[in-house]
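*Asks:* Generate coordinates for the entire structure from the input sequences, incorporating the hints supplied.
There are 2 protein chains.
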Amino acid sequence: MEISLATITPIGIIHSPFQVVENMPIQPKGAAEVTGEIELFPQFAEGLKDLEGFSHIYLIYQFHKAGSEQMRVKPFMDNVSRGVFATRAPVRPNHIGLSVVKLVSVDGNRITVSEIDVLDGTPLLDIKPYIEKFDHPGKTTSGWLDANAADIRNKRSDDRFA
Amino acid sequence: MEISLATITPIGIIHSPFQVVENMPIQPKGAAEVTGEIELFPQFAEGLKDLEGFSHIYLIYQFHKAGSEQMRVKPFMDNVSRGVFATRAPVRPNHIGLSVVKLVSVDGNRITVSEIDVLDGTPLLDIKPYIEKFDHPGKTTSGWLDANAADIRNKRSDDRFA
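As you go down the protein sequences, you meet chains A and B in turn.
If you use this note's numbering, the first sequence corresponds to residues 1 to 162, in order.
If you use this note's numbering, the second sequence corresponds to residues 1 to 162, in order.
Any given hint could turn out to be false.
[To be verified] Simulated DEER-style distance windows between Cβ atoms:
| id | chain 1 | residue 1 | chain 2 | residue 2 | range |
| --- | --- | --- | --- | --- | --- |
| 1 | A | Glu22 | B | Asp78 | 38 to 46 Å |
| 2 | A | Lys65 | B | Phe41 | 40 to 48 Å |
| 3 | A | Gln19 | B | Val20 | 46 to 54 Å |
| 4 | B | Gln43 | A | Thr7 | 21 to 29 Å |
Hints in this document: simulated from the structure, not taken from any laboratory.
All values reported here derive from a predicted model rather than from experimental measurement.
C-beta: ideal position from N, C-alpha, C; glycine also.
*Replies:* In structure tokens, the structure reads:
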């Protein structure tokens, strides 16, 4: 039972300072100072009403430079092979990316955000408001990442998934 | 520039006690006691290695019962029309859903979760580990929801988006 979802198409483009995968912050928390702009295609601008009241938003996007689909990967934070669903690596099935970013402003069909960790030109699939009451589960554990998460803030990507 | 992403296909099916949209919890926090099972198609089972160390996971899925795409919606938590991207309503472009759920166990290609708010038979597009250091932005505001979020826990859906 594999239903093709051919109706999924980008709703906009994410602009960021990151032209190449190498040396990007690997997650938003490593990109506190980085500003980007989301260009929503004009027909979707009406859907941005009321968004500006939220301090943070989810971006769901396509890892359009991911070169393959792999079930085991060595994440940037590790040198041990992990199951791809236990990582945020781009080489996952469907190449879907997810980031929480800080909302700076909304102007027509353009959204300025900071703390962005996304490659310039990335196709955007959805925007959702970050809602603390829904999205923060309280006390959590992060498996293999707990052991070596301390230095994620300073980690940068390389071209292993391109 | 609308690139069709025809390569996005479900990687599994989400099983839950919710057979109809009516009377579902509207977000996981209203579904603390609800257990569901994710059936990953067997070819993806290898990608689940190491997932069990995480207490919570993101499910990215298709709102397969969403009947339309709307730019303005009246969310379950409100009676004012909002921009769809300022809500989590299913009638958004691309009909992509996102939930944080609690991971109970992994057994081969099957994952047991709790705090699930998803309709039975929902096509799954991706699984990601919830990583506090990446995903919790600290102090946040939730716009129109802050005013009336207190009673979300007890809200149930109706058929307005079916």
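*Asks:* Each of the hints needs a verdict: does it hold here or not?
*Replies:* Results of checking the hints against the structure:
1. A/Glu22 - B/Asp78: 38 to 46 Å: holds (44 Å)
2. A/Lys65 - B/Phe41: 40 to 48 Å: Since A/Lys65 and B/Phe41 have Cβ atoms about 25 Å apart, the given range 40 to 48 Å is violated.
3. A/Gln19 - B/Val20: 46 to 54 Å: holds (48 Å)
4. B/Gln43 - A/Thr7: 21 to 29 Å: holds (23 Å)
The structure shown violates just one earlier hint, number 2.
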